[in-house]
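This is what each chain is made of:
2 protein chains.
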Amino acid sequence: MPETISIIPRPKYLRMGNGRFTLNQVSTIACSGEGALAVGHLLAYYLRPATGFAFPVTEGHASGTIRLEATGTATPDEAGFVDERYTLTVNDAGVSVKAQNATGLTRGIQSLRQLLPTAIMADAVQEAEWVLPAVEIEDAPRFRWRGQHLDVSRHFFTVDEVCQFIDFLALHRLNICHLHLTDDQGWRIEIKKYPRLTEIGSRRESTLIGHESDRPRRYDQTPYGGFYTQEEIKQIVDFAARRHITLVPEIDMPGHMVAAIIAYPELGNFKTETRVRCHWGISQSVLNVEESTIAFMKDVLAEVMALFPGRFIHVGGDEAPKFEWSESERAQARMAELGLHNEEELQSWFIRQMDSYIAASGRRLIGWDEILEGGLAAGAAVMSWRGEEGGIEAASHGHDVVMAPNQRVYFDHYQSEPTANEPLAIGGLTTLASVYAYDPMPEALSEKHRHHVLGGQGQIWTEYIPTMEHVEYMGFPRICALAEVLWLEKERKDYADFRQRLYRHRERLDYLGVNAHPE
Amino acid sequence: MPETISIIPRPKYLRMGNGRFTLNQVSTIACSGEGALAVGHLLAYYLRPATGFAFPVTEGHASGTIRLEATGTATPDEAGFVDERYTLTVNDAGVSVKAQNATGLTRGIQSLRQLLPTAIMADAVQEAEWVLPAVEIEDAPRFRWRGQHLDVSRHFFTVDEVCQFIDFLALHRLNICHLHLTDDQGWRIEIKKYPRLTEIGSRRESTLIGHESDRPRRYDQTPYGGFYTQEEIKQIVDFAARRHITLVPEIDMPGHMVAAIIAYPELGNFKTETRVRCHWGISQSVLNVEESTIAFMKDVLAEVMALFPGRFIHVGGDEAPKFEWSESERAQARMAELGLHNEEELQSWFIRQMDSYIAASGRRLIGWDEILEGGLAAGAAVMSWRGEEGGIEAASHGHDVVMAPNQRVYFDHYQSEPTANEPLAIGGLTTLASVYAYDPMPEALSEKHRHHVLGGQGQIWTEYIPTMEHVEYMGFPRICALAEVLWLEKERKDYADFRQRLYRHRERLDYLGVNAHPE
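If you read the sequences in order, they're chains L and U.
Counting from 1, one number per residue, gives the positions in the first sequence under this note's numbering.
Counting from 520, one number per residue, gives the positions in the second sequence under this note's numbering.
Bear in mind the hints are in silico, worked out from the structure with no lab data behind them.
Some hints could be false.
[Claimed, not checked] Cut-off 30 Å, straight-line C-alpha distance, at most; resulting in silico cross-link-like pairs (DSS-like, lysine-lysine):
#1 Lys712(U) to Lys322(L)
#2 Lys271(L) to Lys841(U)
#3 Lys271(L) to Lys712(U)
#4 Lys711(U) to Lys322(L)
#5 Lys790(U) to Lys841(U)
#6 Lys271(L) to Lys193(L)
#7 Lys531(U) to Lys1012(U)
#8 Lys271(L) to Lys234(L)
#9 Lys841(U) to Lys817(U)
#10 Lys298(L) to Lys193(L)
#11 Lys967(U) to Lys531(U)
#12 Lys193(L) to Lys790(U)
#13 Lys322(L) to Lys234(L)
#14 Lys271(L) to Lys790(U)
[Said to hold, decoys possible] Covered stretches of chain L (in silico footprint by chain U; criterion: 3 or more residues with CB under 8 Å from a CB of chain U, positions within the stretch not fixed):
#15 214-225
#16 269-275
#17 340-351
[To be verified] Restraint ranges, calculated between C-beta atoms of paired labels, are given here:
#18 Thr158(L) to Glu718(U): 54 to 64 Å
#19 Arg905(U) to Lys271(L): 50 to 60 Å
#20 Glu199(L) to Arg794(U): 56 to 66 Å
#21 Glu231(L) to Asp818(U): 29 to 39 Å
Note that the structure is a prediction, hence the values are computed from the model and not measured.
Glycine included, C-beta positions come from ideal geometry on N, C-alpha and C.
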């Protein structure tokens, strides 16, 4: 890519043209085709602050400085994804972004932003020449699922912070944001039928100081809380939707449920837990397997599905120790009733109850790779975090898979050495280079099953990440690298070229106020 | 050994003499020396039933058919053991048993019983010639600690049953009986200061049917209980003492405490447990580490030490999961107060509190090999069950050791194949041959530390052994083999010879009503 062009992720095809185009105070945005007008408004929202220009947005084939044209209609595939291809042409006459649908246009305008001088990202008027080089871009992503996860349970972030984070994902043409809404340490989403989930479950008395492995444990003795009302969820969903980012909500079950069990003890097996969990690690406490608990979780998922229109509903399923079920006479009796032979089958049964319900609502269940244990319902998708093996097994058995192996794409892990010079993290070491070198398509997966790999995703678990500044420090620039891994064909990846573009891209992140990890 | 002589364990030195001696209705027992009279009475108790003879017992050097002579005084070593050597001479003039002390005499009379026709073991008068071959026996045990353990918690046995079991141990010249008195499934010893330990802790609502690993679990819904009053403990202690068998009481801590925690919830970390445990396996629940709990356990040990005069007090220490302590804010705070760095050190601290108290009472603490973890107080002894390694490590660091490796001397394990033809057992396979082949002195233990190996012990854990008949089935004849392993020098062991003697010995076991595993 020419030195002056530093788009991340790199577009599939880019040819320099002759000439240039400069935006000015009379530049307009003209939109045509289904959904294009909204994209035009989004583009104007992006361009106005730094330029000070009005960028009036009009509908129709009237000539515009910047023309956004949706040529057809979005037709979601069985996984809910649409064609995201676009072309972006800049010449002496102006700017043209074309795609089949508004999603493709939305991807295109992110590349358009990155064609401008980096100062376009500023939130106040900049003195600059808003010059666009003449280019012809034809672009399409390699993977359909290009996601970033954020754990809002272990630490909580405001609506504005989450939306800003989503906007940063949009800049990188990611299309999925997975919100880990509930865990032992806090239930973060209002459920109207069960108000105690947030009245009680959203607050913990205290938070661990230092690392989970430190002994003796020390606590800050400071209450911590927060949750999103349903109105606030709608705000976040709408914000993401305007950027054609699908939110994947996660209600992690049957483990990671201490907050819920404290709020509603009838959900649990024993009366072990006395409070919302104040430290990290894996709790022994899991949901019981009474019909009432199944009904409760369906009620929760019903409200979640009403709030989140995306196809996939994440039910977690990870790290559910089988200890309580093996000790509980009631759980053993249920196993006998249901003709199940061990606790793995019991978890499988539990997940299948959720899968039936979610499928009957026209959605699809996705869970962490543990949901393979004991047998998995056909339509369920798997998010492979304990390495690639779960993903390979799932895909080989006909399940759709998102690759999220903790060894490669966990951005809560350290990113550079010596780790002593970095803020305390959970552990690990995942450098920018290793992220860029990652390929989500497992070598070991046979060709005929490869179509099941929907894509990949980065994770940010926030046990040791209490502020959005820290989230950004951990997320960027690694999210930039992963975005390119997920967008660009493997053969076209070039780390040296990426580093060169990243150098310029950091100026954008600075203007945007992203607290990225330094070079 | 001549075919007509089948003593188990085999004496160290035995020479045949000329002649023989026959007991008859005018035979007498004459005793001289410290403690010999009581041994004389014990011998009479053994000989009267089958012979119908009176066997008057007299004190003094007056001539007797059977003369028992203690030449000196028992002088216990630092581990509380005395010299057990004896000589046993039979000639035309009569029978003479000599030893330094009454313990040696007691060992001698067991060999004397086994010199008689096997019918001597009958509990009703037998028509037989009570002929003793002329022999000269000089005998001494290889190891000082020759023990057999019995778990009276998982299943309970009456005073009479336990005493009869002890009498069978005495026949085999064993000198230690280790009673596992308390566990998750039942607290079996009355503690006057804490009556709920038995009022509540000695009863469980139900018992698992089948194996711990079966799923789903099934329960018999039948209450189960039992415990020994302090009076009954005294009866057992006295019965054993007359046979110069030392009882080693075990109060297993800080794990294996569910029954106590149900009785006194202030002993626990959480309110997890709802009832005395009704199935097997390892419970997560352990004692908390409050000063009040330390004091409670000292009170318990005080009453135990008042009942059991033996030198060693067993405090268990096995299989205490560290989970609750790592989760409990109070336990973590105690760790901080005490300057401890992890939960292993916390257990080590706990054991040291008990060790100090036991040592101050003039006794010695012994525990399972986990008590090495985190550091062990100098005078404490270790019972190595998880293999030999714990024992080797303990001895190498100057601790006395009893070898009880589960792979070699756990008599709750299957004893023959195919195991499908045997009653349900916990697992494993420990044949009679493998017991006989066992050597308690670890090869890997350097010469200079070998004096720390006090001896060895068989174990009978009773999860799957609900009756004394079944205890006998599992214990015999493997206890016979182990008794010889512990008594006889390794070089003198001869399995073929042992089998030959066992063939005859089985007649004794039959007369005694021992439900031994058949050939």
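Check your understanding: Under the criterion that the straight-line Cα-Cα distance not exceed 30 Å, is the pair Lys271(L), Lys193(L) satisfied?
Key -> 23 Å, holds
Check your understanding: CA of Lys712(U) to CA of Lys322(L), is that 30 Å or under?
Key -> 38 Å, violated
Review point. Is Lys298(L) close enough to Lys193(L), meaning Cα to Cα at most 30 Å?
Key: Roughly 11 Å between the alpha carbons, so the hint for Lys298(L) and Lys193(L) holds.
Exercise for review: Assess, step by step, whether the Cα of Lys271(L) is no farther than 30 Å from the Cα of Lys712(U), and give holds or violated.
Suggested key: Judged against 30 Å, a Cα distance of about 29 Å means the pair holds.
Check your understanding: With a cut-off of 8 Å between beta carbons, are at least three residues of the stretch 340-351 of chain L near chain U?
Key -> Coverage by chain U holds for the stretch 340-351 of chain L (4 residues, Cβ < 8 Å).
Review point. Between Lys193(L) and Lys790(U), is the straight-line Cα distance small enough, at 30 Å or below?
Key: 29 Å, holds
Check your understanding: Taken at face value, is the distance from the CA of Lys841(U) to the CA of Lys790(U) at most 30 Å?
Key -> 16 Å, holds
Practice item. Quickly compare the C-alpha distance for Lys967(U) and Lys531(U) to 30 Å and report which way the hint goes. Key: 25 Å, holds
Check your understanding: Is 56 to 66 Å right for how far apart the beta carbons of Glu199(L) and Arg794(U) are?
Key -> 32 Å, violated
Practice item. Take a quick look at whether Lys271(L) and Lys234(L) sit within 30 Å of each other, Cα to Cα. Key: Status violated; Cα separation ~35 Å.
Point to revise | Lys271(L) and Arg905(U) - C-beta distance against the hinted 50 to 60 Å | key: 33 Å, violated
**Study point:** Satisfaction of the hinted span 54 to 64 Å by the C-beta atoms belonging to Thr158(L) and Glu718(U)
**Key:** 56 Å, holds
Hint check: violations occur at hints 1, 4, 8, 13, 19, 20 and 21; the rest are consistent with the structure.
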